Every structure is written in structure tokens, then in C-alpha cells.
Amino acid sequence: MALSIDSLSVYLGGKEILKDGAMSFSVERGQVVGILGPNGCGKSTLLGSIGGLIEKSGGRITVDDIDISALKTRNRARIFSYVEQNERLSAAYTVLESVVMGRYPHLKSFENYSAEDFGMARSAIRRLSLDGFEKRLVTELSGGESARVSIARALTQDAPVFLLDEPTAALDPKHSLGVMRIARELAQDGKIVVAALHDINLAMLSTDRLIFLKEGTIISDRASKDVDGRILEYVYDVPWELFATGDGDRRVAFPVEEQ
Amino acid sequence: MIQLEGKRLPPIAGYSVLSVLLLISAAFGLFTGDVKIPIESLLNMLTIGPLGKTEDIFLQSVVWQIRFPRVLAAIISGAILAASGVAFQSALRNPLAEPYTLGVASGAAFGAACAIVAGLPFVNTAAFAGSLSTLFIVWVLGERKNDPDISRIILAGVIVSSILGAALTFLKALAGDKVSAIVIWLMGSFSAASWLDAMPMTLGLFVMLIFCVSNLNEMDIMASGANAASLGLNLSQRRIMILGSASFSVSFVVSRFGIIGFIGLVVPHILRILFGPEHRILIPLSLIGGGALLCAADAVAKSWNELPAGVLTVLIGGPVFCAILWNRS
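Residue numbers (the numbering used here), protein chains in the order written: chain A, 8 to 266; chain B, 70 to 398.
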């Protein structure tokens, strides 16, 4: 299975967010790909348009040669599990009720969630370390807990492609690592994971490949281990220093203030 | 104050209590009226039925031709208003939404006022046409395909309602001695309910039930705050189905019995606090609860010198709603 993006372009409000002809890449199954770039570079727009949530202006998105724009909304939701950035769960559903909604694309008309669906939801809740939260109301959760509920729902959706829009933005380091570990496990299970991320170190640590965007254009598409200070400086307009840690196989990057 | 948030009551308790309240309201409605009917005679007439043979034809006619249709109309109207309130609040993801948010009431009022001023006999038909035309205009102005932001459609409803409200005031100024007829229509009342209303009211309830029951999971997703499209929901299509059918059903109520406020706002909120937001539970409870409340309000209104039910629902519903807000804060 492969996700292919070919010359994707997106205009929003008359502005070209993803530039025509500058957005092509493909992701094979088993890969975790990080999308990085400064604010407003088009990361969320890219994920939204891949998932069919934002209308594209041009180009083609295929999964196993199936053009996703030809699919109905529900069929598309069987292919893409999408985690929205800063999702606001506003109604007083319990965590379990909220997570089981991930099974909706798999229901037939008039069908209710089955015991198996609830089993999948409970399993996802445990995987996100939300044990004991099943009966808690989502409106009473902290921002980080709420974000984990959204990720648990995406896991319950169980699609072959996961699109995660800054899934760790509201999480503490422990849970951020936990979520990215789950992303790796999903890839090991043969899924495709594409995640927009802000934390460069977390991205270098937990992805196979990093795609850097700037002003709606792909600047670099390379293995995570090959990221260097030069590309980071070009993308973020600030110098970076990279240090080897541990056995030397891991690196951390810091932006440094210009003298 | 009891903190109910997070501690839901079992749905069976709601079904049981509300069903009993509905029966009590209906009995109260059948018992109350200008003609004093002893309980034994009332029970006797109910047993005989509308077509059964009896020596007291007058009493049979009061029970079966006047009171029963009125109780039935109030119950069905309350059920439609409360359940459509649930539908509106979920589909528009807004706790302040109610069945009249998309201008159905102001459209009906304007249509009725036009007919009254022009001296046309078809006031209810004009009201129905007014409410549906308004719904269409608001929809065209406010709906954008699959746009999760619903503020545009709410704004369109508010603006169109304001324009129609101003036009209604203008009509009242021009109406001369017909202004009292407009005011009475606006107050809302079931005093003229008859068996002729049964067919359109049942159709209204049926339409709403079909579309609500077939969208229970969808309304849950829309209300939850989750990204509905990413879960496979065609937002535009579902909004048309849910809001269109609810407004269509409410048009039957508002065009025949006037503007009855607060049922669609208060009943869903109280039930949501007590039993949680799941639509599989909330919709049936709202149908029963709305029917019981409006039937009771109409019976009380009837016993108070035919006070319009719409006035009483706001007078009771307003303070109850304030009490809920106070409790929750």
C-alpha cells in the first residue's frame, strides 16, 4: 500500500497555501513521516487536503492508485484516520462514548455500535493510558487528556492511513513519547503515518522521514537521520546546532540566537 | 444544590417518570374546561369512544370533538418542538439554538400577518408558506458545502428573522383594527384545535421522527465537537436532512397554533443535564417530555381564562431555565 501526492495545490480564501507543482511525494506502508515547517507553511492544509477535509485546487491524491477525491465521505473515513489540531470536545459525552464514535465509518445505516466496537474503543483508551477515564465526561478533561481522547478515537477508526495534525502539541513529554511510540507501532503493523509536528527533536527521534515545508512548498524530503543544521536554518530562518547523544546514534537540535 | 453534571440518571427512570407526567397532563387537559365534567362521566365518555352510542351526545362531543383533539394537538406540538430543539442544538452545535433559529417562526408570523391584513381566509396556509420560504432563504444565504463553521447559517437566521420582525411591526402599524387579530395569532393557542389538525400534525411528527431516528449517531458526532467530516459524515447532506425536516415539522405547529416559545430550548437542556447528551436516549425523552410539558401548560392556560399557551410556556420556562443556569454556575 502507498499514499501518493502528485502536484497537490490548495487555494484558501484566494490565497495559494500549497503551491502548484511543488507538492509531490509518496509514503509506503510501514513508514512514519513527519511534516515540519514554520507556522503558516501549510502543514495542516496539507494533512487536511490529503484527508479530503480541505478541497484541493489541483493535483491528485491516491492510495493504492485509488483517487481519493472520487470517494464518498464515509469511504474516505475508512482510509484515513485523522486527528485534528486542538479539537474542542464541547458536549458532555463520556470518554468511551466519544472514542467509540471512531467506529462510525464502519457502521451500516441505522446500525448501532456493537460490543466489538466498544471493545476496540476500550483497547484504544488503554493504549493512550486513559484507563479509568471511560466514564469521565470529556468536558471535564484537561487539554492533554482531551487530545489523547481524540487520538484514541482515531485508533478506533482503524484506517490504513493515519494523519496526525500536531498530535503532541498539548501533551507532556511522557505522553508525547507515548503517542509517537504508538505511531511507530502502527507503522510496524503496516499502517502509514503522516504527522505534522512542531517538536524537531521528537520528530527526529520517532519518524523515518521528514518533509520540510516553507511557504507552501516542499523544501526537503529526507530520512530523519540525515537532517542537518543547514536545512533547519533555511526552513526556520534561525541558526541551529545539532549534538549527538547516547551512543551517538541520536541527535538533538537547538535553535541558537544570532549574535 | 445537587450537582448533576457527570452523574446521569438511568434512562428508564426518565421514560417512566415522563410517561406518567404525560398521562397526568393529558388527564388534566381532558378534565379542564368551561364545561364541568365529573370524573366518572369523563371516564365513561372515553370508554364509549367518539362514535359509540350514548344519551349524552353533548358531553361526548365536548370530550371527543373539543378536548381530545386539543390535548392531542398540544402533545404532538410539544413533542415536535422539544425533539426539534434537540436536533437544532446538535446540528448547529449551539446550546442557544432552538426550532425557530432559522427563522421559521418569524416567517410564519409574517405570512399570517400578511394574510390577516389582506383579509385572506387562509391565514394558516399563509403562515406555513411564510415559514418554509424563510427557511429556504436562510438556507441559501447561510449554508456552505461541508463548512463545519455553522455561525454563518445562524447569523443568516438571526438577520432574516430581524428583517421579518421589522416588517411585522410595519404591518401591525398598517393593520388598523386588524392588529388585534395579529396579536392574538402571535400569542399562540390550542383553543381552536380540531380533528382536522390531526393529519398535518401527525405528518409533521412522522417526518421529523424519520429523519431524527435515522440520524441518531450522526447527531451525536455533530454535537460532540469531533471533526465530523473526518469520521465520514457528509455535513451538508446531514444538516439539510436534520434541520430541514425539523423546521418543516415545526412549520406545521407554528402555522396552526402560533409561536410557542421555550419548549424547544428548555426541555432538551433539562433532559441533557439529567440523562446525558446521547441522542438515542435524548430524542425519545424529549418527545415525551415536550408533549407532557406543553399539554400541562395548555391545560393550565385553559383553566386561567384561556390564557395563550405560548405565553405560559415562556412564563414557566424562562424562570426554570434561569434556575438551571444558576445551578450549573
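Since the hints were made in silico from the structure, they are not lab data. Warning: the hint list may mix true and false statements.
[Stated by the list, open to error] List of simulated lysine to aspartate or glutamate pairs, EDC-like, C-alpha gap at most 16 Å:
| no. | chain 1 | residue 1 | chain 2 | residue 2 |
| --- | --- | --- | --- | --- |
| 1 | A | 198 | A | 71 |
| 2 | A | 232 | A | 264 |
| 3 | B | 76 | A | 254 |
| 4 | B | 76 | A | 141 |
| 5 | A | 198 | A | 179 |
| 6 | A | 221 | A | 71 |
No experiment lies behind these values; they were computed from the predicted model shown.
Status of each hint after checking the structure:
Restraint check for residue 198 of chain A and residue 71 of chain A: satisfied, since their Cα atoms lie roughly 13 Å apart, inside the 16 Å limit. This hinted pair does not check out: residue 232 of chain A and residue 264 of chain A have alpha carbons roughly 24 Å apart, beyond 16 Å. Between residue 76 of chain B and residue 254 of chain A, the direct Cα distance comes to roughly 52 Å. Violation of the 16 Å bound is thereby established for this hinted pair. Between residue 76 of chain B and residue 141 of chain A the CA atoms are separated by roughly 13 Å; this keeps the pair inside 16 Å, and the hint holds.
Between residue 198 of chain A and residue 179 of chain A the CA atoms are separated by roughly 25 Å; this puts the pair beyond 16 Å, and the hint is violated. Distance restraint check for residue 221 of chain A and residue 71 of chain A: the Cα-Cα separation of roughly 28 Å exceeds the 16 Å cut-off, and the hinted pair is therefore not satisfied.
Hints 2, 3, 5 and 6, counting from the list given before, are not met by this structure.
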